[in-house]
Amino acid sequence: MRRIPSQQLSLPRDAQGGKGDAWRCRFLPQKKRRAASEGGPLARGGVQQCALEKGVLLRQLSARDEGRLQRRQQAIKQFYDLRREQEVAFEEIQRHESLRLSRQREERRQQAELQQKKQEEAQRRLQKREERLKRQQLLRQQRAAAAAEFKTQDAECERLSPEERTTICLKLPSGLRATRVFPRGASLRHLHQWAGCAAEYCAEGTLEDAGLFPNCVVLLIEVETDEDSDHAS
1 MRRIPSQQLS
11 LPRDAQGGKG
21 DAWRCRFLPQ
31 KKRRAASEGG
41 PLARGGVQQC
51 ALEKGVLLRQ
61 LSARDEGRLQ
71 RRQQAIKQFY
81 DLRREQEVAF
91 EEIQRHESLR
101 LSRQREERRQ
111 QAELQQKKQE
121 EAQRRLQKRE
131 ERLKRQQLLR
141 QQRAAAAAEF
151 KTQDAECERL
161 SPEERTTICL
171 KLPSGLRATR
181 VFPRGASLRH
191 LHQWAGCAAE
201 YCAEGTLEDA
211 GLFPNCVVLL
221 IEVETDEDSD
231 HAS
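Heads up, the sequence shown is in full-length UniProt numbering, so the first residue is 1 and it goes up one at a time.
Keep in mind the hints are simulated off the structure, nothing from the lab.
Here the structure is a predicted model, which means the values were calculated and not measured.
We put the CB at the ideal spot given by N, CA and C, even for glycine.
It is possible that some hints are incorrect.
Unchecked claim - Pairwise CB distance ranges (calculated):
id, residue 1, residue 2, range
1, Q193, E106, 51 to 61 Å
2, F213, V181, 11 to 21 Å
3, Q137, Q111, 37 to 47 Å
Using the sequences and the hints, build the whole thing.
Written out as structure tokens, the structure is:
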């Protein structure tokens, strides 16, 4: 390869500076390249070109980084917005679930109270019915005992003279009539006791003994019982 002496190397006119100086610098001889690198017009043009290209590159990199940063910020914002919406939805679900559980507890409590009231009412009615039956049974026993005692006294009362006795006919609201001879000195309390057991006293008697013979009209009157009064209350 033929070597070109440094003295014969000529530069184009635009080598004094401007575009392409950095590329042309390498074709200069070593001394001239050193001079160009030390601040000549070629060096100044190359530096300016490099600075311009570096600035463009930096702006491109800055725009790219800014775009990435904006996209990242937008993704983070979307993430937190979605998370906030999910938290709000979850809190709303929890609130509805809490209200539903509260309503269920209140319904169960009301049902339990209603069931307890029904049981207490049934127990109270059963207890009152048992007490009423006991009272009725005791009353029947007392009336039967009183009627038996009056029966034992009838023979003695029948032997009394007309001046010492009196005959009393008792007509009950049911139409039943009971007749008995009492001593002259009997008390009204004794008469009331006999009236209280008149039904048991006449239970063994006949229609003729009750004054229902030969013909009579019987008036039936509905009497409210203790059981009917309990249902009404």
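So, going through the hints one by one against the coordinates:
no., hint, verdict
1, Q193 to E106: 51 to 61 Å, "holds (59 Å)"
2, F213 to V181: 11 to 21 Å, "holds (19 Å)"
3, Q137 to Q111: 37 to 47 Å, "holds (38 Å)"
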